[in-house]
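S.K.: Given only the sequences and the hints, what does the whole structure look like? Please build it.
Residues 1 to 780 in the numbering used here are what the sequence shown lists, from first letter to last.
Hints were generated in silico from the structure; no laboratory data involved. Glycine included, each C-beta is placed from N, C-alpha and C at the ideal position. You may find that some hints are simply not true.
[Claimed, not checked] Derived CB-CB ranges, DEER-like:
#: 1; residue 1: Ala158; residue 2: Thr519; range: 40 to 48 angstroms
#: 2; residue 1: Asn97; residue 2: Gln632; range: 29 to 37 angstroms
#: 3; residue 1: Lys165; residue 2: Thr635; range: 50 to 58 angstroms
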Amino acid sequence: MIPLLERGIHALGGLFIKLVTRPKLVNPQLLLPQQSASDHVYYILESNRLSHKLLLKNLLRKQQRHIKDEQILFADSKGQAPLREALTDLVNAQKSNDKLNTLIIPIAIFHGRLPNREKSWFNLLYAEAWHEAGPIGSFFQLLINGRQTLVRIDEALALKQLINKNEDSEATARKTARVLRTHFSITRRSIIGPDLSHRRTLINLVIKNPSVQQAIDQQAKERGTSRHRIERHCVRTLDNIAADFSPITTRILDPLLNWVWGRLYRKVRIANIDRVQEIAKTHQLIYLPCHRSHMDYLLLSWVLYRHGLMIPHVAAGENLNIPIIGPILKRGGAIFMRRQFHGDPLYSCLYKTYLEQMTHRGHSLEYFIEGGRSRTGRLLAAKTGLLSMSIESYRDNPQKPVALIPVWVGYDRLVESKSYQKELSGEKKQQESISTLLATSKILSQQFGNTLLSFGEPLLLEEHTHCENPAKDDVKQIAAKVMRSINQAAEVTQSSLLATCLLGGSPSQSVAELSDKSTRLLNLLKTLHPELQLIPEGKPSDWINEAAKMGQIDQKLNLIKINQHQAQELCFYRNNIQHILILPSMYLLLAHRLESGKALSINRTIKMIYPFIQAELFLQWELSDLTDLLKQIRTVLVEQNLLESNAEGGWKTTSNPLVNTLILTAEPILLRYYIVLRTLARYNEISAEDLIESSQKIAELIHKEYGYSTPEYKDKRVLESFIEQLHALDFLTKVDGRLSSNFDTSALFTQAKKILKPHMISLVDAKLGNNSNSPPLPKI
Numbered sequence: 001m002i003p004l005l006e007r008g009i010h011a012l013g014g015l016f017i018k019l020v021t022r023p024k025l026v027n028p029q030l031l032l033p034q035q036s037a038s039d040h041v042y043y044i045l046e047s048n049r050l051s052h053k054l055l056l057k058n059l060l061r062k063q064q065r066h067i068k069d070e071q072i073l074f075a076d077s078k079g080q081a082p083l084r085e086a087l088t089d090l091v092n093a094q095k096s097n098d099k100l101n102t103l104i105i106p107i108a109i110f111h112g113r114l115p116n117r118e119k120s121w122f123n124l125l126y127a128e129a130w131h132e133a134g135p136i137g138s139f140f141q142l143l144i145n146g147r148q149t150l151v152r153i154d155e156a157l158a159l160k161q162l163i164n165k166n167e168d169s170e171a172t173a174r175k176t177a178r179v180l181r182t183h184f185s186i187t188r189r190s191i192i193g194p195d196l197s198h199r200r201t202l203i204n205l206v207i208k209n210p211s212v213q214q215a216i217d218q219q220a221k222e223r224g225t226s227r228h229r230i231e232r233h234c235v236r237t238l239d240n241i242a243a244d245f246s247p248i249t250t251r252i253l254d255p256l257l258n259w260v261w262g263r264l265y266r267k268v269r270i271a272n273i274d275r276v277q278e279i280a281k282t283h284q285l286i287y288l289p290c291h292r293s294h295m296d297y298l299l300l301s302w303v304l305y306r307h308g309l310m311i312p313h314v315a316a317g318e319n320l321n322i323p324i325i326g327p328i329l330k331r332g333g334a335i336f337m338r339r340q341f342h343g344d345p346l347y348s349c350l351y352k353t354y355l356e357q358m359t360h361r362g363h364s365l366e367y368f369i370e371g372g373r374s375r376t377g378r379l380l381a382a383k384t385g386l387l388s389m390s391i392e393s394y395r396d397n398p399q400k401p402v403a404l405i406p407v408w409v410g411y412d413r414l415v416e417s418k419s420y421q422k423e424l425s426g427e428k429k430q431q432e433s434i435s436t437l438l439a440t441s442k443i444l445s446q447q448f449g450n451t452l453l454s455f456g457e458p459l460l461l462e463e464h465t466h467c468e469n470p471a472k473d474d475v476k477q478i479a480a481k482v483m484r485s486i487n488q489a490a491e492v493t494q495s496s497l498l499a500t501c502l503l504g505g506s507p508s509q510s511v512a513e514l515s516d517k518s519t520r521l522l523n524l525l526k527t528l529h530p531e532l533q534l535i536p537e538g539k540p541s542d543w544i545n546e547a548a549k550m551g552q553i554d555q556k557l558n559l560i561k562i563n564q565h566q567a568q569e570l571c572f573y574r575n576n577i578q579h580i581l582i583l584p585s586m587y588l589l590l591a592h593r594l595e596s597g598k599a600l601s602i603n604r605t606i607k608m609i610y611p612f613i614q615a616e617l618f619l620q621w622e623l624s625d626l627t628d629l630l631k632q633i634r635t636v637l638v639e640q641n642l643l644e645s646n647a648e649g650g651w652k653t654t655s656n657p658l659v660n661t662l663i664l665t666a667e668p669i670l671l672r673y674y675i676v677l678r679t680l681a682r683y684n685e686i687s688a689e690d691l692i693e694s695s696q697k698i699a700e701l702i703h704k705e706y707g708y709s710t711p712e713y714k715d716k717r718v719l720e721s722f723i724e725q726l727h728a729l730d731f732l733t734k735v736d737g738r739l740s741s742n743f744d745t746s747a748l749f750t751q752a753k754k755i756l757k758p759h760m761i762s763l764v765d766a767k768l769g770n771n772s773n774s775p776p777l778p779k780i
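M.R.: As structure tokens, then:
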């Protein structure tokens, strides 16, 4: 009678589970391992909950796999069939049969999977936490959060690998139980994060920190103000800074964002998320994405949540702390910050201490290493303030492992595209406000193609910090590594392919011509970079039709045209992959322009220019790698019919239509370098502002030669970034705000005259003149 009743309860329970849960599986391929006759498979759950047991059976039944109750183990079995006893039996069986292969597959199940606030009894009814809810709480978890069920499946544990012949079965069972319980603890922390302290408690902990108290004393002494008044000011400041993370807000935002992305984007495509899921088991994570759009942090948090990872707290500019939006972002994990910390050591101390508290509690963090959104599609120079705080915090407490996660984000079309072009044309940036929010709502009726997120190789701070060296040395090296890793994680969008082909050719092309060049370009990229995962889907004709619908190009029958505004927008998407194309493009440019086309001459010239290109485009290869790398590139260019040998034993370009496209991709960059360095050489000393202004004016005039005005070439940020990198590489000396060159530019200028078009060189030289002692800047 009892077994019959039990079967009835299980049948009803299984039906209830089917009705209320919508499980999302992480690593579903691991649920059913490839089995041989000698394999005995067991599944282990974190706790002995009937609902989890029934859910596992339902999942296996869908795969036509039926298991017995004896094949399900529990890490925390509440004294019922203790894990150690079950494992002892399995160890004995394994020892008695060498051919046997016992596999134990860990299955972690979460309903809601968000952290709780301390002392919040209401959340206990429906949210995952570090404690287990009772029968009523478990029922409400299923009822309210069943549709947000996450099932995490991990690699099977082969029991024979843990068996030591010199160890008795009970000792092996204890060791295995400890490994499995530790695994579940790590998995739970990586997915739901630590419990959230009450916000006021956290602020008080920051205020009481010795370094903050010292900074308060210092400011009170300097300003002759009472400590009490400054402490109240600190509380107000921290109230503006601190996130107010709300699980309820996040649960509401998840389906809302899912709907928004469905309206805006055809697909959100993701690469290398498995890297993050793996490293999250052992390290606290700090996400460092490139910054292209306000959508970046919303997309990243949504993707992490959807893939069973802890939602990070995001450092965001105070400009977003506006009515309605600000409070929502705070409840989603935003930590607001000023754009500048300089001149306010107390604010810097408060912010750093707050981040340290979040780090020590195990929260994931996210901030944009570029500081602001790139208007040009290229990475901006790293702003290392927050990175420096993170590295110093780790150096002070290296026991807690930290991993930096570079993230590349790409769009077929930017939501902010029009505003970016206005800013590049000289208009002031529009401040965030309710009116801009309402205006932004109009985008929901538009289409923006695909968006891509690619996670780079994690940087483990234990491998990249050296406590015997000054912290600033670590910061500099790690920042450079992060920027290169972001670019290394880049993928290719269909807009970047079309933009490269359109801007590197006639502004009027046939559909067949553009399709052919796009196909050739994609084939080249796939051959050069087989690691690319998110290759554009469909045919080039489909990409062209979609670009026309998005207003990026004009299509009339079989003819494609772009106007000035469209060309300006397309520059952004081309620049997303410019770092991938720059070396093959330069090789073709030099083979085309240098008289002999000898490989030695081409290599020597590229090596001469490479430090500048590497600095601006954050290329991962070192100078010592170039000889082998350029040989590989040359081989691919020959295979792709872009390069061929000439009668003199050198290399020449072919008539392939992609050749001119790639040459016109590299040439403007080299021309801009010539303008900046030629202007710098024109004067013994020059301020950064004058150098930028003069270069801007010449670049604006010169680049009209390419058919369209492309403001990104004269964008102040691009020029500032290039000059900053020259200074960082010690090519420039800065004394009293004035710059001077540290190297002989004559060899570069000699090569430039062989590579760049003569009339361009003549125009630059004419505008700058030849008298190096003349102090005033030329009027252009």
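S.K.: If you check the beta carbons of lysine 165 and threonine 635, does the distance land in 50 to 58 angstroms?
M.R.: Holds - the Cβ-Cβ distance for lysine 165 and threonine 635, about 53 angstroms, lies within 50 to 58 angstroms.
S.K.: Taking 40 to 48 angstroms as the stated bounds, is the beta-carbon spacing between alanine 158 and threonine 519 within them?
M.R.: holds (47 angstroms)
S.K.: Is the distance from the Cβ of asparagine 97 to the Cβ of glutamine 632 consistent with 29 to 37 angstroms?
M.R.: Given range 29 to 37 angstroms: violated, Cβ gap about 51 angstroms.
Comparing the model with each numbered hint stated earlier shows that hint 2 is the single one that does not hold.
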